[in-house]
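K.L.:
Sequence:
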Amino acid sequence: MNILFICCSERYKCKNKTYRDIVENYATNAKYSTRIIYTDDIYSKNKFCEYNPDIVVFFDIDKIRYGNKFNYVFEKPVYVCSLDYFYIQKCINCPWIKKCSGIITFNNQEKIMKSYKNNFPDKSILSFNGRFVNTSIYKNYNLEKIYDILIYGSRDSFYPIRKKIEQLLIKHKNRYNIKI
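Each residue of the sequence shown is one higher than the last, beginning at 1199 in the working numbering.
All the given hints hold, so there is nothing to weed out.
For lysine-lysine, the following DSS-like pairs were computed, each having C-alpha atoms within a straight-line distance of at most 25 Å:
| no. | residue 1 | residue 2 |
| --- | --- | --- |
| 1 | 1296 | 1267 |
| 2 | 1296 | 1312 |
| 3 | 1343 | 1377 |
| 4 | 1215 | 1377 |
Pairwise CB distance ranges (calculated):
| no. | residue 1 | residue 2 | range |
| --- | --- | --- | --- |
| 5 | 1371 | 1290 | 40 to 50 Å |
| 6 | 1273 | 1320 | 16 to 26 Å |
| 7 | 1249 | 1326 | 17 to 27 Å |
| 8 | 1297 | 1249 | 11 to 21 Å |
| 9 | 1340 | 1316 | 41 to 51 Å |
| 10 | 1333 | 1366 | 25 to 35 Å |
Derived by calculation from the structure, the hints in this document are not laboratory data. No experiment lies behind these values; they were computed from the predicted model shown. Beta carbons: idealized from backbone N, C-alpha and C, even for Gly.
Please model the entire structure based on the sequences and the hints provided.
P.N.:
Below, the structure written as structure tokens:
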């Protein structure tokens, strides 16, 4: 079996990014022949036919944004694996997702899976059992601890729980050595 991963360049091509690590780990440890290409790669229909994948998986965020560039892959079973489907209405109306055989998610939570099944009743809804952590990067370096709590990343209104945690920590900043 041949599997082709088509990865969104903006998220999956950056080195030392969890997204890239996930895809490379899947491809490296797959039981089957797996190729990774990126949405900014030149990948012709001839190359596609030459490799002849049995399954194509788009790795993207929300909807498939580069379906028009790879419209010829929809001759095969195509799945979309998204980091999140926050804008579910955009996904429902995405013409490329409509052509997909199924949706793969990283979240195997009952409520989320039920929502996807309700919104995409004609699709196979699959999930990975867990996240991947690249232990060659994220490991104990045995460095002296500087902070008790370190927060980085977005904490805007899109992430209300993160914002609440930040506010709570700021309120109790005298109890901990915090870096935000």
